[in-house]
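Just so you know, the protein sequences line up as chains A and B, in that order. Numbering-wise (the working numbering), the first sequence opens with residue 1 and increments by one. Numbering-wise (the working numbering), the second sequence opens with residue 1 and increments by one.
Check the hints yourself; a few may be wrong.
[Claimed, not checked] Below, in silico cross-link-like pairs of lysine to any residue (SDA-like), each with a Cα-Cα straight-line distance of 20 Å or less:
no.	chain 1	residue 1	chain 2	residue 2
1	B	K450	B	R871
2	B	K11	B	V406
3	B	K932	A	G216
4	B	K106	B	K450
5	B	K932	A	P32
6	B	K932	A	I3
7	B	K932	A	L18
These are calculated hints, taken from the structure and not from any lab test. These numbers come from a predicted model, not from an experiment.
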Amino acid sequence: MSILLLLLAGFFLPLFPLSMVFNALLARFSHPAARVALIVVWPQLGVLLVLAAGLPLDGLHGGLFLWWGLATAAFYAWRLLTVREIGQWAAMLATSAFALTWVMAAASRHAADLQVFALGFAMAPALLVVIATLLERRIGAAYSGLVTGMARDVPRLAGLLTVVLLAAMALPISPGFFAMLDLLFRSPPGPVMLALLTWLLWSWAGTRLLRDTVFGPRSGAETADICPAQAWAFTAVIVLAIVLKLIWTGA
Amino acid sequence: MSRLTLGHRLKIRSMVHMAAEPIPFFWPMRTFIHHNPLHGLEHLPFEQGVRRGEELFHGRGFLPRREYQRYHREGQVDMATLQADIAHFLDDHEPIGGLELEGLLKSLLCELSDPVAVPLDLADAEDAKHVIDGFGPSSETGVDIEALHRRLVRQFPPERPLYESMDLLFGTEIGTTLDELVIKSCLDFFDEGQSTLQMPGRDHGFFTAWSALAKRNLRLFLRGLHIKQILAQDASAEGVIAYVLDELGIEEAHWDGLITRELTRLHGWAGFIRWRSSAKRYHWSQAYPADLVDFLAIRLVLGLALIREHARRKRLPATFPELAHYLEQHTAECYLRQAYHGGNILPAWAHRVDDALAHRHPGRVNRLLPDYLHDERVAEANRQADRLLALAEAADQTEAVKALDVEQLEALLALIRDFERGEGMMWLRAMEAVYRKSVLNEIKLLPPAKREKRPFAQALFCIDVRSERIRRQLEHVGDYQTFGIAGFFGVPVSFIGLGKGTELDLCPVQITPKNLVLEVPTGATQIETDFYSSASHVLHDVKSSVLSPYFTVEAMGLLFGFDMIGNTIAPRVYNRWRNRIEPKDASTRLLIDKLSREQADSIVRSLQRVTIVRAIGDQLGIDRDAITDLMIRELREIAMGNKEGTSEFARHFALSPAAESEFIETLRRDYRINPSFVSMQMERLGKIGFSLDEQVYFVGQALRMMGMNENFSRFVILAGHASQSDNNPYESALDCGACGGGHGLVPARVLAQMANKADVRRRLRKQGIDIPDDTWFLPAQHNTTSDVIQLHDLDLLPTSHLVYMERLRNGLRAASRLCAAERLPTLEDNVDPHLDTTTAFRHIQRNISDWTQVRPEWGLARNAAVVVGGRHLTEDMDMEGRSFLLSYDYKLDPKGRLLDTILSGPLIIGEWINLEHYFSAVDNEGFGSGSKAYHNVAGRFGVMTGNLSDIRTGLPSQTVLKDGRPYHEPLRLLVIIEAPVPHVLAAAGRVPKALSLIVNGWINVVVADPESGHLHYFDRGEWHDLGPAPQRARQTESIDAEESPA
């Protein structure tokens, strides 16, 4: 029974190739609210299934799902390097990050740890999906390399994209950073090495995305920036996520 | 050995030489030379030159329309001129339908911020017409593969570097990698002491040294770049160029075009190498020769290696014929590729096209193409129609535009395209008209008022625009008369400062000085080699060695911390304290008189004796006390070959014949006590100083040029100028352009020393220039950053003048403070309008030592005019530091020779300064050097953006922009010459360069004819009489009114 539950959870805490369902659904939904909801809720369903199977994951099954999750995370992180569509980038980042929940499941006994872990990693992709929509409305597509040098002409949108991408790379003091630290401190050296590689790939891919959108000489059609109210709303969400995570981790 | 014949090699050399003609020189930043970045295109009319410059250097020659519109809103655009230019443009065009074209084009300029004409690749006027009428494009889009192929062939000509084509088609980024590799090679070779480790074999030349290293470069080999294989084909740079171009399959007819594009890609480096190879007296060029042939050869070798590596790995075309074949075979794919990698893809299609191209499946690409072309055509038609309708609405001619048929619409689009291509020039002319009218309205073209008595002091300043403010303030505070002269005071000198080993040319770059001036200590103050100086040297040595920096940071980092904190928190106070512990400048004189042969011989002998004493100490450990003058003289004679046999020195110290002979050989070889070196020293000493005739000539010419032949004051201040700032690689850009980017004090000291000589004055008197005995020429330096005027050589001042010094100092100080108060609001925001001059002066002082200050002064920004004539023309005007003021009296120049000098020297310097500012303001990224904040010094001669970029030419954004908008109003230089028209025309005819600048419109010229009282303006190839100068007309009217019976 538990193996079936875990396999079912593999759709929600995406394990390749089951992860294709999550990515296909994200690609299918065009409304940002639906996509954000999917990113936030989907992994929580997976966590519930894992909890139903019992924590911590150990034995042969535990090892299998742990390494399967790590391999999926590394694979999608590597794929990020070649993806230029920001919505798709966010989906793959989410897939890569959620797959790491399996490592956490092997190391933790508490349901809340898993739930917060998945939630912490959901923030950056969810915000990125919203930013991608804003870009699509302005430029026609959220595609890196299509419009560069955004920092000069649309500083608010560029600033927001930068902060969210830094959070996507799980840099301090984003929720992803603390989630990652939590994972690294709880796990044995083998999985830690692969998790670190995944983290490195996120940073590399994120930097490339920044380079091809925010920085560099100005190119592409001129476009309007987001209004200050929108910028403040985004900032509030980011600050709230950071503060909640800080409170949770006791930092 | 080269496989090419000498003739073929020379042909390639001349090809490179010709291709590099449009690339402007880049001088090392230690002596920043302002120059027109389009200097190589000045033979073309301005507008044409700008267009060609835009193509070559990928810059923008005019401001974007919205910037001009902003100027228009601020009242800085002359609408009459703009309308006249629109009318002039329409003279060559037929009316279109019921449109009122003049109004339409005026609305286009003043009310729409974006261009109206959209580049139409697929859509046409018929499509736009359908959209305007409320339908979609006229018919379904067919795929004409032949037409697409023709377009691609035009887009990828043989003159285009192959790697550029590959980058655009396959997104390979070879061009960026190649630029990086070439820049690294240049940094290694051209380094002037910044790096700790030097590139080996530099004395053999750029290409040879680089080849030797590249053949053994393991990193390049591991990257798959087989450089050795390419270099094995030919030993000469020319041979390698020919080999690579042959290998790429480029026919020889296209080589020159390709070479131009290769060289202009890194035009900063190319400009530096071009200058360096022509600067035969430049030390680094003599020691490590390099030219553009070397540069091109290295670039082509690396380019070919990169192309081959990518072609091998990704199965791409590796030669031009292969590329042509690929375009033909994969036309649809190539069309989508260039759209995608060129950033022109329709955004909504980016993902689909990317996917299709990544799969490289011809069927999928071919299926995609018709839909994509259709969407692109629709998008183009919609965009064009929208903009046209926006224009029509702005001009209130919507119905008239809608009523046009397809042919009329096509004609309208062509007209708008043509108009928008030339609109920059119209805006520029309209802005210039406003400035020109404002100046000409105030110019006082009246005979100068006769002075009752001589002024208290006369001050000669550089023509620099920054002198205008201080001159005005000085005239305001007291009985001072000021003159303007090129900052080298007409005396081209080469200068060797105290303790320096190299010559510095202090004159405009077009002139090569014949005379050398040495700075020698008077002995009045001891030259300090104290603890502070020694510590500085030790610190520098420790910093620049290989290993020591690792522990230096720990051990001595705190010392730098003091500097950092002091300079950041309280720069003024900290530097005042620091100046106290730094060694003081030694008291010096300039050696300006020619040496006789005997004097030169005596100097050489004296130096040789000092050297021999040092050699005896170094080599044999014998102190000076133990040897006599006789021994030294004898050793010198033996070393020079004038005497043979055992010396008294050898006998006295019991040296064996072998030891003595070895020591003599060391003297000859290492200490250069030999006849050939003496002969070289004598030749160099012959350059020192000026003969009396030369001194009389230079003083006489300088005074006559300014119209200064009588009424001399007690003090004649010769004020050279210099700037002072910290942490500023561009400091020399703020120094004197007429002194080759150096300080103006030395030429001032030289001229003062000459003019104070009794012999010189006696001879000048015979020439009609009577300088009274109580007149004293006093050198000074105007610090343009702090506004302080510092007097020099005061120890030479006659006692009779000392009693007037306090008054003189007071006057200068007051002028400095007033000038600082005037400048402060331009440098700081929210300055209290009632701020006292003392506080303002203190604020300004901070800029000279504040290392965080990116804009210590505005320098020559906002320069706009040159006034050649008497001070009476502008004495009542506040020219806001925007005008070069050059004193000239045509009455003292009946043959026009002095005007020739002005036109061939100061005028051209002014034009270079003006256009450097113009282009840096118009396109700071393209022609300027971007923000200083990202600059790094490269090799001690230039700056780069980041750690690896082209050498940044032009001016930084902080010099010409404020809050992202031009602070410098980009206008061409307005040259006003006070002289009769025939006099000016004759002089211009004798100076071809000046004539070319005038005729081609690189400067605007107005002749203010004092005899007729009329102003004459040269525009579009002809002179226009503007009528009497307004001031003169007003005076005539008032005289008429007084004389007329009531």
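Go through the numbered hints given earlier and state which of them the structure violates, listing their numbers in rising order. Those not satisfied are hints 2, 4, 5, 6, 7.
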